[in-house]
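2 protein chains.
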Amino acid sequence: MNTKANIKDVASKATVSIATVSRFLNGKTERMSKETALKVQAAIKELNYVPNDAARQMITKKSRMIATIVADVDDYFATEMFKGISSILDAQGYTAVLFDSDTDKNREQGILKIIGEKSFDGLIMQPMLKTEADLRGAVKRNLPTIIVDRELSNSNLANVVTNNFDISQQVTKYYMNQGFERVIVITGELSGVSTREERYSGIRSVSPDAILMEVPSGDTKLSHTYDKLKNTLIRDDKRTVIFALKERWLLHLLPKIMADGFMVNQQVAVTGFSDTEVIKAINPGTSLINQNPFLLGASAAELLLNELNGEIITENKKIIIPAEFK
Amino acid sequence: MNTKANIKDVASKATVSIATVSRFLNGKTERMSKETALKVQAAIKELNYVPNDAARQMITKKSRMIATIVADVDDYFATEMFKGISSILDAQGYTAVLFDSDTDKNREQGILKIIGEKSFDGLIMQPMLKTEADLRGAVKRNLPTIIVDRELSNSNLANVVTNNFDISQQVTKYYMNQGFERVIVITGELSGVSTREERYSGIRSVSPDAILMEVPSGDTKLSHTYDKLKNTLIRDDKRTVIFALKERWLLHLLPKIMADGFMVNQQVAVTGFSDTEVIKAINPGTSLINQNPFLLGASAAELLLNELNGEIITENKKIIIPAEFK
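Top line first, the protein sequences correspond to chains Y and U. Reading the first sequence from the start, the letters are residues -15 to 310 in this note's numbering. Reading the second sequence from the start, the letters are residues -15 to 310 in this note's numbering.
Simulated from the structure, these hints should not be mistaken for lab results. Hints should not be assumed to be uniformly reliable.
Identical copies go unnamed one by one, so any copy, or any two together, can satisfy a pair.
[To be verified] List time: in silico SDA-like cross-link candidates among lysine to any residue, alpha-carbon distance up to 20 Å:
hint	residue 1	residue 2
1	LYS240	ASN267
2	LYS89	THR79
3	LYS205	ARG15
4	LYS240	PRO268
5	LYS67	ILE98
6	LYS230	VAL262
7	LYS114	GLU173
8	LYS(-8)	THR13
9	LYS(-3)	TYR210
10	LYS230	ASP59
11	LYS205	ILE168
12	LYS(-8)	PRO306
13	LYS205	THR260
14	LYS18	PRO239
15	LYS89	GLY77
16	LYS205	ASP193
17	LYS205	ASN267
18	LYS302	GLU116
Chain Y on its own, in the form it takes in the complex (with noise of 0.2 Å):
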């Protein structure tokens, strides 16, 4: 075997996840059994992992500082995602910090500005622009950076995302087999954001005539949303399974819907991507698609240190996480 290894292939062969490696790498022991990291210990030294070489970068005049943007820091998501990030650069002598873009496309060119005059010695971002060459007009010099969770077009970026599309479609699938006939889809402004794009779409190649309602920006609360889903509903005995592209909008749609008598005789099905345990508390019967935020971070962080490292990546620029149904 000639090829390096890497954290991931650490965590495989121990049969851990990459943050309990991280954290045995951190010496952060304490919440991990003597088992668990003796098996990470053993993997380590069969697959002769070295951390990369951060001696290499003690002599280069380097901030040691890497900015992390999100779309909205208030997002579960977002936090978990950067404590990925962070998980696997402070093994590294590294610094994230973050920065919110608060989902606004000029503060986000604000923020990027910044960060090109300061010393920042790389960059991780969850974009609310759309092409490299946005990025670059604003960044204005030659600084290593990673797109995570969306996708910029024309770009040749390292890029770690969900797999979208396949578990969106992999749960239309699953419902219209349990015998549902109808999906109506719930999600935020879909044009333009790829992840919601990306989701739709598997969905519609299951369900072509899978129903779009967009909540409006205005509708915290979803009421208005709850009336048109309501008035969708009652019109016909359709088996329906609503779909949301965001756990913020079934925290408030599901307990209109179980007051309301919908779900009684599995009449109607919830599900959609979900970042905590908040759906399942309400409704301990959900089925919902959870992401992994934290491990698109860590494989963020470890595509950046990469490069950081002077590594040339030809191969796995773009990372696919999958997520989990269930």
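Once you have looked at the hints, place chain U on chain Y.
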């Protein structure tokens, strides 16, 4: 009138929130009614309000970056506080960046050391550490600093906190007046976290016999804590209010308490500190304590700007933001 008007004066004159005034100053008027915008404009004119003099700082060699450290970036409370900080700093041409101490004191020390070495102009922190000396030992330069949410001992630093004692006392009285006979307090480890200690003291000032249940660190889904709670509840018929010092605890306990029928006939009530709408989504009848993390952050940012502008703060070094019970 000799004293200079500040953003809070404008907000109260216009009978809007500080956040609204801040949005107005940032030119973000899309989500604001015309009437609101005109009210804010009139108040600014009437009070002759001038946003802190950014020009004065332009001549000095500053990074215009402000470091924020929160205890756990996954908490909605922390990220909303960061949004409040950003909203004020943005208007003055500063950029807030967020660091996550991940509830780890060693990590916090490392972050402080880095912030001390880099050219940040100021610091707003929700501290794990306990004294100003600990802070100074890590930062090692004279960095304008505001402490938020928690308090340090032996410290002269400006401080913004919730009225933890008072609101906990008021809420406990409210339930005692409703005929509840027992309080069970659910919290993480109490010792050394000033917010939790204040809240517990407020409860005990009304109900000295309040039962303290500290959630062990491994009990993430609170199954052990629920067993303990259930054993106490079934032992007798005392009407009991369960008072959670953090929303996360309620999230896991409330569905179990409801499922086991304890809330029938108001035998058991549930309350606590809450940051999001999740608990009301699960049980709309629940009354909760809502802090205002956005305002905590915005107020901390205002105090910091005062220091950066060289204003000598002789009063209002401690700002107490009242929570709401509803």
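These are the hints, each one checked on the structure:
In this homomeric assembly, LYS240 and ASN267 come within 20 Å of each other (Cα to Cα) both inside a single copy, at 12 Å, and across copies, at 11 Å. Only between protomers do LYS89 and THR79 lie at most 20 Å apart by alpha-carbon distance; the minimum there is 16 Å, versus 25 Å within a single protomer. Taking the shortest alpha-carbon separations for LYS205 and ARG15, only the inter-copy value of 16 Å comes in at or below 20 Å, while the best intra-copy value is 38 Å. Taking the shortest Cα distances, LYS240 and PRO268 sit within 20 Å of each other both inside one copy (16 Å) and across copies (11 Å).
For a Cα distance limit of 20 Å, the shortest separation of LYS67 from ILE98 across copies, 18 Å, qualifies, whereas the shortest one inside one copy, 23 Å, does not. In this homomeric assembly, LYS230 and VAL262 come within 20 Å of each other (Cα to Cα) both inside a single copy, at 13 Å, and across copies, at 15 Å. Proximity of LYS114 and GLU173 under a CA criterion of 20 Å is satisfied intra-copy only: 15 Å inside one chain copy versus 45 Å between copies. Only within a single protomer do LYS(-8) and THR13 lie at most 20 Å apart by alpha-carbon distance; the minimum there is 18 Å, versus 47 Å between protomers.
In this homomeric assembly, LYS(-3) and TYR210 never come within 20 Å of each other (Cα to Cα): the closest approach is 47 Å inside a single copy and 37 Å across copies. With identical chains, the CA atoms of LYS230 and ASP59 are at most 20 Å apart both within one copy (10 Å) and between copies (18 Å). Taking CA atoms no more than 20 Å apart as the test, LYS205 paired with ILE168 passes inside one copy only; the shortest distance there is 18 Å, against 32 Å between copies. For the homomeric pair LYS(-8) and PRO306, the shortest alpha-carbon distance inside one copy (14 Å) is at most 20 Å, but the shortest distance between copies (48 Å) is not.
Taking the closest pair of Cα atoms, LYS205 and THR260 come within 20 Å of each other both inside a single copy (19 Å) and across two copies (12 Å). Proximity of LYS18 to PRO239 under the C-alpha cut-off of 20 Å is found in neither arrangement, the shortest distances being 42 Å within a copy and 34 Å between copies. Proximity of LYS89 to GLY77 under the C-alpha cut-off of 20 Å is restricted to the inter-copy arrangement: shortest distance 17 Å between copies versus 31 Å within a copy. In this assembly of identical chains, the alpha carbons of LYS205 and ASP193 never lie at most 20 Å apart, being 27 Å within a copy and 39 Å across copies at closest.
Proximity of LYS205 and ASN267 under a CA criterion of 20 Å is satisfied in both settings, with 19 Å inside one chain copy and 15 Å between copies. Proximity of LYS302 to GLU116 under the C-alpha cut-off of 20 Å is restricted to the intra-copy arrangement: shortest distance 15 Å within a copy versus 46 Å between copies.
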